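*Asks:* Build out the structure end to end from the sequences listed, making use of the hints.
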Amino acid sequence: MIRSDAYVEMYEMDFSEAADRISRKFSKSGQTVDSKKIEGKLRRLIEEFGVQPSEAERSVTNELNKEFNIPAMGAGGSAGSGGAGSSGTAEKKIADAAPGEWVTIEGKIVALAAPASPAIAQGGVIADDSGAIRFVAWAKANAPAMAQGSWYRIESAVVDEFKGIASLKIHSGTTIKEIEEDRALMPSTVPIGELRPGIGSIRAKVVQEWDASHERMLQSGLLGDETGTIKFVIWKEPGKESLAPGSVYNIFYAQVDEYNGRLSLNLNSAMVMQEEGDIAVSGGEAALSGAIVHVAPGSGIIKRCPVEGCNRALSRQNYCPVHEIQPKFTYDLRIKGWLDDGEKTHSVLLQRDVVESLTGISLTAAQEIAENNPLGMDEVFLQMRDKVLGRYITCHGRDIENRVIVNKCEPVTFESEKHTALLNRAGGAS
Amino acid sequence: MSTPAREMGKKDASFEREPARRVFASELRECRYQFKDGEDEKSPTFVLLPTGERCNRVFIVGTLTEKQRQGDQNMFYRGRVVDPTGTFFIMAGSYQPEAMQQLAKIETPAFVAVIGKPSLYRKDEASAPMISIRVESINVVDKETRDLWVLDTAERTLDRIEAFATGTGTDVVKAKEQYPTIDPVTFRKIAYDALAQIKI
Numbered sequence: 194m195i196r197s198d199a200y201v202e203m204y205e206m207d208f209s210e211a212a213d214r215i216s217r218k219f220s221k222s223g224q225t226v227d228s229k230k231i232e233g234k235l236r237r238l239i240e241e242f243g244v245q246p247s248e249a250e251r252s253v254t255n256e257l258n259k260e261f262n263i264p265a266m267g268a269g270g271s272a273g274s275g276g277a278g279s280s281g282t283a284e285k286k287i288a289d290a291a292p293g294e295w296v297t298i299e300g301k302i303v304a305l306a307a308p309a310s311p312a313i314a315q316g317g318v319i320a321d322d323s324g325a326i327r328f329v330a331w332a333k334a335n336a337p338a339m340a341q342g343s344w345y346r347i348e349s350a351v352v353d354e355f356k357g358i359a360s361l362k363i364h365s366g367t368t369i370k371e372i373e374e375d376r377a378l379m380p381s382t383v384p385i386g387e388l389r390p391g392i393g394s395i396r397a398k399v400v401q402e403w404d405a406s407h408e409r410m411l412q413s414g415l416l417g418d419e420t421g422t423i424k425f426v427i428w429k430e431p432g433k434e435s436l437a438p439g440s441v442y443n444i445f446y447a448q449v450d451e452y453n454g455r456l457s458l459n460l461n462s463a464m465v466m467q468e469e470g471d472i473a474v475s476g477g478e479a480a481l482s483g484a485i486v487h488v489a490p491g492s493g494i495i496k497r498c499p500v501e502g503c504n505r506a507l508s509r510q511n512y513c514p515v516h517e518i519q520p521k522f523t524y525d526l527r528i529k530g531w532l533d534d535g536e537k538t539h540s541v542l543l544q545r546d547v548v549e550s551l552t553g554i555s556l557t558a559a560q561e562i563a564e565n566n567p568l569g570m571d572e573v574f575l576q577m578r579d580k581v582l583g584r585y586i587t588c589h590g591r592d593i594e595n596r597v598i599v600n601k602c603e604p605v606t607f608e609s610e611k612h613t614a615l616l617n618r619a620g621g622a623s
Numbered sequence: 023m024s025t026p027a028r029e030m031g032k033k034d035a036s037f038e039r040e041p042a043r044r045v046f047a048s049e050l051r052e053c054r055y056q057f058k059d060g061e062d063e064k065s066p067t068f069v070l071l072p073t074g075e076r077c078n079r080v081f082i083v084g085t086l087t088e089k090q091r092q093g094d095q096n097m098f099y100r101g102r103v104v105d106p107t108g109t110f111f112i113m114a115g116s117y118q119p120e121a122m123q124q125l126a127k128i129e130t131p132a133f134v135a136v137i138g139k140p141s142l143y144r145k146d147e148a149s150a151p152m153i154s155i156r157v158e159s160i161n162v163v164d165k166e167t168r169d170l171w172v173l174d175t176a177e178r179t180l181d182r183i184e185a186f187a188t189g190t191g192t193d194v195v196k197a198k199e200q201y202p203t204i205d206p207v208t209f210r211k212i213a214y215d216a217l218a219q220i221k222i
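For the record, the sequence lines run as chains S and R.
Residue numbering for the first sequence follows the numbering used here, beginning at 194 and increasing consecutively.
Residue numbering for the second sequence follows the numbering used here, beginning at 23 and increasing consecutively.
Worth double-checking, as some hints may not be accurate.
[What the hints assert, rightly or not] Stretch by stretch, here's where chain S covers chain R in the computed footprint (C-beta under 8 Å, at least three residues):
{"hint": "1", "segment": "172-183"}
{"hint": "2", "segment": "195-204"}
{"hint": "3", "segment": "207-216"}
Calculated directly from the structure, the hints in this document are not laboratory data.
The model shown is predicted, which means the values in this text are computed figures rather than measured ones.
Just so it is clear, CB atoms sit at the ideal spot from N, CA and C, and this is done for glycine as well.
*Replies:* Now the structure itself:
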């Protein structure tokens with residue numbers, strides 16, 4: 194008897210907590226239950242009958258389920274497992290699943306990804322009509338493999354969070370059942386400006402395509418809609434195709450990653466469908482006017498690593514930080530500098546065709562100078578600096594990690610209307 | 023495993039370059055107050071413009087009318103750059119070798135754009151403080167760039183005068199303390215005259 198008293202004391206405080214948990218569960222499905230009454234039932238089961246608290250909770254829940262004619266959770270098969278896992282598990286819509294919760298969900302496997310580690314049996318994305326979430330099935334869980342496009346009921350999985358991204362963990366206590374569902378899921382797309390880390394669906398236009406920075410990379414670039422732009426990447430994988438620059442796509446269930454406070458989209462898990470039409474992309478494209486107040490070293494003519502997908506700038510000794518000495522480099526032009534409007538200074542990077550049109554020095558001409566002038570590449574730097582330093586220009590481009598990548602620019606010209614307006618403003622109230 | 027928070031903190035503290043203020047010679051000449059923002063040895067130094075804005079760097083465009091080589095051991099160049107309102111004094115020493123070489127190369131007179139840091143100095147204890155600009159970069163430009171600079175500088179000056187009239191910012195308050203005898207409205211007339219000198 195002493196042992197039993199201690200047992201009761203240990204769990205004394207849990208009655209109201211468990212009772213609240215149960216009543217919350219039912220109030221969500223529109224039922225009102227008296228938590229005092231539930232507490233009494235729990236107390237009775239545990240104190241008088243020595244039932245384990247988790248089992249008591251389960252049993253009270255099932256009793257109420259019957260009362261309200263709700264199909265019992267974990268009914269049938271799981272009864273034999275003692276019901277240990279089902280306590281505190283709530284049936285949820287995917288969009289409502291919060292990190293730290295044990296949940297039961299029903300959803301459709303919309304993507305499967307190659308497991309990143311042998312500890313993982315399966316990974317991918319599961320969706321319902323409220324949203325989508327990444328999932329990971331641990332190898333140890335011995336869970337049945339799920340098939341893309343099929344619907345499953347996943348009971349007692351855990352939602353956790355890694356790097357700010359929620360995912361559903363399928364462990365040995367989770368039960369998975371395929372269910373008969375043949376609904377077509379139509380994910381609702383969100384504006385790029387409202388994307389959050391996790392899984393997202395957008396309708397967007399490919400506004401830029403960048404040189405691949407990694408040999409495993411199929412394509413990277415920028416997607417944009419009316420609310421902003423986001424970097425995207427597609428890794429090489431059988432069956433993956435590049436996006437066509439300038440085209441509009443519906444992209445469902447892409448992975449939204451966050452790094453250094455910036456979001457990017459990984460399209461390998463996504464369903465990508467090209468569509469007709471156009472989007473007026475705004476936001477990311479900035480137009481800045483000001484004076485070039487500094488031309489940084491590394492501007493002018495540079496050598497680039499010829500290894501496919503590398504393209505890094507080489508040192509003077511033709512040394513690439515990754516591929517070492519590369520005597521068969523290619524030449525390129527660029528200007529790195531600061532554009533200053535008197536209030537703020539922006540770091541700008543002018544790309545080859547912009548440099549050519551602004552300085553009037555073509556890549557061929559620059560190469561000629563670099564190879565024949567005694568000062569070599571320095572001479573190109575000096576000539577270009579003299580052409581742009583202290584000049585007023587307007588740059589169009591995108592702000593990427595605090596640097597504006599300029600794809601178009603033109604000199605600012607004197608506008609007599611502005612002159613007149615300023616004369617009026619200065620003379621106005623004197 | 024869980025380092026992203028730290029990396030993000032590092033990113034937030036990203037470097038911001040001090041903007042180059044647009045100011046006419048006749049306003050810069052009036053500066054008498056210089057201060058440091060912070061205790062650190064590397065904290066930037068500012069001169070306070072009478073129109074109520076701190077200024078660590080300037081961008082000026084005018085006519086380089088004179089230049090002079092001075093010193094033997096510590097050679098440096100001095101120069102005068104004239105705008106429609108007055109004269110800027112510029113200098114470039116061996117700590118700014120690139121600027122000094124540039125300045126040495128330029129034949130006067132020429133339209134030049136100068137980016138540099140203003141600082142106050144006194145010839146001796148008794149004399150009034152003078153302001154000169156230590157050149158970071160100097161380059162020959164054309165007349166259109168000079169005209170654009172006059173528009174730009176007039177606009178920025180008028181902006182500052184308006185902010186001064188209504189403003190309660192720290193720099194405005196400081197300017198009212200430091201320059202009790204200067205009425206920034208006089209710079210409106212100066213801006214007008216500078217604009218009026220541009221012939222269309």
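*Asks:* Hints numbered earlier in the text: which of these fail when held up against the supplied structure?
*Replies:* Those not satisfied come down to hint 2.
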